[in-house]
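Peer 1: Okay, here's what each chain looks like letter by letter:
Number of protein chains: 2
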Amino acid sequence: METEKDLSILKKIAQEEEISLALLRERIKKGTVVIPLNKKRKINRPCAIGEGLRVKVNVNLGSSWGYSRVDIELKKLEISIKYGADTVMDLSIGRNLEKVRKTILDNSPIPVGTVPIYEAAVEAMIKKGDITYMTPQSIINIIEKQAKEGVDFFTIHCGLNKKTLETFLKQKRILDIVSRGGAILLNWMSSTKKENPLYEYFDEIIEIAKDYGIVLSLGDSLRPGSILDATDRAQIDELIILGELTQKAREKGVQVIIEGPGHVSLDQIEANIIAEKKLCHGAPFYVLGPLVTDIALGYDHIAGAIGAAYAAYCGADFLCYVTPSEHLSLPTVEDVKEGLIAFKIAAHAGDLARGNKKAYLKDKKISLARKYRAWEKQFEISFDPEKAKFYHRRTGLKDVCSMCSKFCSIKMVDKCLNFLLK
Amino acid sequence: METEKDLSILKKIAQEEEISLALLRERIKKGTVVIPLNKKRKINRPCAIGEGLRVKVNVNLGSSWGYSRVDIELKKLEISIKYGADTVMDLSIGRNLEKVRKTILDNSPIPVGTVPIYEAAVEAMIKKGDITYMTPQSIINIIEKQAKEGVDFFTIHCGLNKKTLETFLKQKRILDIVSRGGAILLNWMSSTKKENPLYEYFDEIIEIAKDYGIVLSLGDSLRPGSILDATDRAQIDELIILGELTQKAREKGVQVIIEGPGHVSLDQIEANIIAEKKLCHGAPFYVLGPLVTDIALGYDHIAGAIGAAYAAYCGADFLCYVTPSEHLSLPTVEDVKEGLIAFKIAAHAGDLARGNKKAYLKDKKISLARKYRAWEKQFEISFDPEKAKFYHRRTGLKDVCSMCSKFCSIKMVDKCLNFLLK
Numbered sequence: 001m002e003t004e005k006d007l008s009i010l011k012k013i014a015q016e017e018e019i020s021l022a023l024l025r026e027r028i029k030k031g032t033v034v035i036p037l038n039k040k041r042k043i044n045r046p047c048a049i050g051e052g053l054r055v056k057v058n059v060n061l062g063s064s065w066g067y068s069r070v071d072i073e074l075k076k077l078e079i080s081i082k083y084g085a086d087t088v089m090d091l092s093i094g095r096n097l098e099k100v101r102k103t104i105l106d107n108s109p110i111p112v113g114t115v116p117i118y119e120a121a122v123e124a125m126i127k128k129g130d131i132t133y134m135t136p137q138s139i140i141n142i143i144e145k146q147a148k149e150g151v152d153f154f155t156i157h158c159g160l161n162k163k164t165l166e167t168f169l170k171q172k173r174i175l176d177i178v179s180r181g182g183a184i185l186l187n188w189m190s191s192t193k194k195e196n197p198l199y200e201y202f203d204e205i206i207e208i209a210k211d212y213g214i215v216l217s218l219g220d221s222l223r224p225g226s227i228l229d230a231t232d233r234a235q236i237d238e239l240i241i242l243g244e245l246t247q248k249a250r251e252k253g254v255q256v257i258i259e260g261p262g263h264v265s266l267d268q269i270e271a272n273i274i275a276e277k278k279l280c281h282g283a284p285f286y287v288l289g290p291l292v293t294d295i296a297l298g299y300d301h302i303a304g305a306i307g308a309a310y311a312a313y314c315g316a317d318f319l320c321y322v323t324p325s326e327h328l329s330l331p332t333v334e335d336v337k338e339g340l341i342a343f344k345i346a347a348h349a350g351d352l353a354r355g356n357k358k359a360y361l362k363d364k365k366i367s368l369a370r371k372y373r374a375w376e377k378q379f380e381i382s383f384d385p386e387k388a389k390f391y392h393r394r395t396g397l398k399d400v401c402s403m404c405s406k407f408c409s410i411k412m413v414d415k416c417l418n419f420l421l422k
Numbered sequence: 001m002e003t004e005k006d007l008s009i010l011k012k013i014a015q016e017e018e019i020s021l022a023l024l025r026e027r028i029k030k031g032t033v034v035i036p037l038n039k040k041r042k043i044n045r046p047c048a049i050g051e052g053l054r055v056k057v058n059v060n061l062g063s064s065w066g067y068s069r070v071d072i073e074l075k076k077l078e079i080s081i082k083y084g085a086d087t088v089m090d091l092s093i094g095r096n097l098e099k100v101r102k103t104i105l106d107n108s109p110i111p112v113g114t115v116p117i118y119e120a121a122v123e124a125m126i127k128k129g130d131i132t133y134m135t136p137q138s139i140i141n142i143i144e145k146q147a148k149e150g151v152d153f154f155t156i157h158c159g160l161n162k163k164t165l166e167t168f169l170k171q172k173r174i175l176d177i178v179s180r181g182g183a184i185l186l187n188w189m190s191s192t193k194k195e196n197p198l199y200e201y202f203d204e205i206i207e208i209a210k211d212y213g214i215v216l217s218l219g220d221s222l223r224p225g226s227i228l229d230a231t232d233r234a235q236i237d238e239l240i241i242l243g244e245l246t247q248k249a250r251e252k253g254v255q256v257i258i259e260g261p262g263h264v265s266l267d268q269i270e271a272n273i274i275a276e277k278k279l280c281h282g283a284p285f286y287v288l289g290p291l292v293t294d295i296a297l298g299y300d301h302i303a304g305a306i307g308a309a310y311a312a313y314c315g316a317d318f319l320c321y322v323t324p325s326e327h328l329s330l331p332t333v334e335d336v337k338e339g340l341i342a343f344k345i346a347a348h349a350g351d352l353a354r355g356n357k358k359a360y361l362k363d364k365k366i367s368l369a370r371k372y373r374a375w376e377k378q379f380e381i382s383f384d385p386e387k388a389k390f391y392h393r394r395t396g397l398k399d400v401c402s403m404c405s406k407f408c409s410i411k412m413v414d415k416c417l418n419f420l421l422k
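If you read the sequences in order, they're chains A and B. Position 135 of the first sequence, counted from 1, bears residue number 135 in our numbering, the numbering being contiguous throughout. Position 43 of the second sequence, counted from 1, bears residue number 43 in our numbering, the numbering being contiguous throughout.
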């Protein structure tokens, strides 16, 4: 049932996205658009994700075991907001993850996602020294606790089950499983010989999500971690399960998005998007990159932005950023900024290619500002005005720039066109 | 006629590219592959560009008016070599451009390209105070002089003629002409009311190129400088002229490549590649980016890498890099490095998507190194080992990394797979 709060959010989003309220409602009903927003939360910048909307960008924050400073994670949140993140995920897996999450929730004006299995694993590790001491009940309890705290969307690694595990084992991959949630569950499953609780008790998770209006982001434990493993039987078999669970969740009125790879070369990205849209009934696709090569260490934000832009053009709806420190270390605040801006560019490139009018207008405005050498206006429209200004100002020129200086093509052309067109 | 020097270069290239000598020769004969190498030059790292070969990356160097330090340009050359540029172009347009060019030619182990019209413009500016004092003869003289000096490939802006100028004027673009060579020629044409000398005297240029074995890179004066101008009548009309001139040059045994945009949104890149290949008879396509948005000021290397990777996948053969300082200032040495690495990633992503076996092997090797957490091996394969090492080492961990630390998915999975597969 639509509350008054719901209506005001829908109106705000419809206006921002320049679509009608009726169309937005229709797509939400179909499940091709979702709004990640816990019923208990009030935030200033909610967003909708999916069909026909602006492509959204998520920033991953969070501490890890041994690297747990709340103040730094808060700074990462602040810089994410400043540079236009649409959502953040707190992926903390350090001892103080509860404190980090609460701080993020208290301070974030945008939707916040988490991966509850991390807290279950950390809890088992702290209390009993090993993650395999998690129980289905302890996992469900944590999901419920985080729901109460106001988390807006959960990654649930429900696609790794006995069937897909078998497919995976037969596959003999180069890089096996790189999903942290997937690795935790594989560990638990191989130690307990039991079914993945996130799959087995998916109905209970649906109930919690329904109670709090939480979006379930179905995680891909079997996403490829190497270009050579992309689009293999294991990955697609898991996607089939995620499609089944999408239907199950939707029948109960719970919103679903699907998580995608990972590492995929450019020639396979379109096929990945088409497969997800077909197998998962048009559910919004949330891709991690994808990285178009495995060898871009230190520059994975660029390898990821390439894949993300093309994926967005092909129909991906939601891009999870990657930073320059991917595969190497927990990102610093500066890395978060670098990764986010690379992905804002990718999302915008996707928007342009998909014919988004607002995106198009930005490019028109900056092109005109460039024509008239209105530098301040250009900086204002760009993703990082300070950097742009610094680069231009460092040479002291005002009207033109030091690339061409006296031979500025725009200025030369301006002069003779005035003459030619007179 | 194939000399002994030619044969040894062909053999070296065929081996590096893992294709047969016969196939390489056949493609050179057809014109779908070119080798930019002046008969007077001996270099250690020649390369071939075109059909079925590894995608190549060019770095633009060079001073501008008021920003002319030979030592800095030499440093840019050195860093380009270090990070794997395949060719460099000296785009100097400062007072000392001759000195810069000679220094680059003396020190470059890779092919060097130039844009002779720049020197003609600078000469006219210095001697007579205005670029419109260039004459057809002064331009031809400079082309001949640079050929004698050993330049390996020339950008010749021969596609802007009276016909395409008319098409352009009727088009009413947002950002008119952004090509510096195009702007210089437009200036000259509108002032003298004469035909573009690079078009009118193209036969003479062909003769010079033939004498020295120089590759002609047919420049696109009318390339779009805004997403909104991409793939318009002006751009395509110029491409038609470039196709005609390609045929003309080939008939005289001169090798040709075609320069391409510029600013193009993702949805139009494939069409641009197909059009070039059809209209210009399969001539190698040399794209500048393309930038997939106009608003990425300060991050144009990323907007360019996105377009370049996708263009390479669609069939572009040769990528001209873009640096973070594009549209803002002459790049610093550090900017050159940033731009080059972004484009090396793009080229490699293109290679993977095109099924290049050597590229594939690199990703396989780094994936295996990642699996076994062989960090040094990973750094070695990556584009910038120092940066990768710095990012990993900054947290002091050795076996894993601080992203997941205790919860390293690869390590967790390794452990249970050993158990599961036993």
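Honestly, I wouldn't trust all of these hints.
[Said to hold, decoys possible] Below, simulated DMTMM-like cross-link-like pairs (lysine to aspartate or glutamate); rule was C-alpha separation at most 20 Å, straight line:
1. A:170 to B:232
2. B:148 to B:195
3. A:148 to A:204
4. A:357 to B:414
5. A:193 to B:414
6. A:371 to B:98
7. B:162 to A:414
8. B:364 to A:267
The hints are simulated quantities; they were obtained by calculation from the structure and are not laboratory data.
Peer 1: Evaluate each hint against the coordinates.
Peer 2: Status of each hint after checking the structure:
1. A:170 to B:232: Outside the cut-off at roughly 52 Å; violated.
2. B:148 to B:195: With Cα atoms ~26 Å apart, residue 148 of chain B and residue 195 of chain B exceed 20 Å; violated.
3. A:148 to A:204: holds, 15 Å
4. A:357 to B:414: violated, 48 Å
5. A:193 to B:414: holds, 17 Å
6. A:371 to B:98: It is violated: about 31 Å lies between the C-alpha atoms, which goes past 20 Å.
7. B:162 to A:414: holds, 18 Å
8. B:364 to A:267: holds, 17 Å
Checked against the numbered hints given earlier, the structure breaks hints 1, 2, 4, 6 and satisfies all the rest.
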